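Chains as they are written, first to last, in this note's numbering: chain L, 1 to 198; chain Z, 1001 to 1267.
No lab work stands behind these hints, which were simulated from the structure alone. This one's a predicted model, so the numbers in the text were calculated from it and none came from an experiment. Note that the Cβ used here is the ideal one computed from N, Cα and C, for glycine as well. Treat each hint with caution, since some may be false.
[To be verified] If we take Cβ atoms under 10 Å as the criterion, some of the chain L residues that face chain Z in the derived model are:
id : residue
1  : 5
2  : 16
3  : 21
4  : 113
5  : 142
6  : 146
7  : 150
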Amino acid sequence: MTDRSVSWTDAESVARLLARATAPRRVAAAFARVASVTRSVRPPAVARPSTPPPRVTAPEPQLVVVAPPEPIPVPKLVHLSENPSDRLDTLMAWTLDHQPCTGAFVADDNGLTLAAHGISEAHVSLVGPLLSALMGVRTIPGIDATAGALWLGNNMMSWVEARTERGAFCLGAVGAEPLSTEALNQLKEALEVTVRDL
Amino acid sequence: MTLSIAFASLKGGVGKTTTALNCAYAFARRGSRTLLVDTDPQGAIGLSLDGVGDRAGLAASVGNSEAALAGVVKTRLPELKILPMGMVDAMDVDSFSQIARESDALKRIVERSQQEYDVVLFDTPAGLGGMTRLALEAVDSVVAVAQCEPLALRSLPRLLELLAQLRESGSDCSLLGVVGNMSSFRDAVVLASLEELWGLYRDQVFETAVPRDSMFLQASRAGVPLGLLSRRPPGVAAVFDSLVAEIEARLGIVEGGKDDGPIRLVD
């Protein structure tokens, strides 16, 4: 009994709760400094069938199907290989399979592409300046700024960062909408698992 | 844009009202036009402040959205006003909450405060239903008040779970941070609780912990915020200046505006 914690809970459970209860604000705070997009982009939990959003083109019905109100559990990324290249490929495949994006990439903090699928090199080249710019944002107390989204004109690039002893790595996903906070947390966890001990 | 913050806890007696009241005072002292709203049908703010308990307050206007701020009471500080609860019969608490929900009373208060106030603070009753949930649905930010003792720590995840669920159902409220209340370095259990709070909730915990101090009882007895307990306020009153400075920093209020900056001591 003496080893039992005072709160009868554990750090992992609390971290999961905090991610759901707080991460949106933190991401949004950093996000607001990068792009003029607000929390209103979050999908409403209750469908409003009488007022369909005025989307531009045909994919609208598909969006409704792909984004149901109840979230689909995303399996955690599991690596079976210690080979860095295999691990990055696995991460790419997992991202494209389980997140609403059309392209994804992994880059280091110099903007050097380590893996990419379905995006242009220009997107990856944004990473270096973006991470440099966020160094200043992180000096603001309480601002984590290790995830966010950037409006690229035709689509959104959502990204997460993982820092290791060998520097920072960035996982980006490009799609029609910015990823949700929950998705960003999933990406972040997957990236951290991938680059750990690389 | 007016900022709206609720002080909440599942467990009662953790110091929500004391924290909300003294933070409201500190916000006002720092120059923010502040409205403190009592959402506790028991009228906790009215019980804490001399001269407030007999005011009509929210209870008198709860079903009338046009008169959402009709019961606002001025204070000695021009920047601080209070909307007390007023009298709600114990038998009517449930129906009061229902009327408040149907009339969106707390959201109306936030909406109608946009011009007149910089900050609206909501003191909430213990628990996560009724008026507390309404307050959480009405605000942007939530300060979780956690007494540094085991039961309060064990109940804290329940508040976070509710916040998460509200967010996932479209609400804008988000946890701003956790404040440790009634801390003490002389009691082993309290100290262990504080350490665990820091360990589990890490950077969500405000650096400022509110200590257990007899001055709170003195202020409660006098029915005043700590800062007005005497002409020379007790040192513990400064804790809330520190806490509010942290809250402001987390909300991005780091300066007083473009005209703010160092002020020469000697002209």
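Hint check results:
1. 5: Holds. Min distance 6 Å.
2. 16: Holds, about 9 Å.
3. 21: holds, 4 Å
4. 113: Status violated, d = 32 Å.
5. 142: holds, 4 Å
6. 146: violated, 12 Å
7. 150: violated, 20 Å
Comparing the model with each earlier hint shows violations of hints 4, 6 and 7; every other hint is respected.
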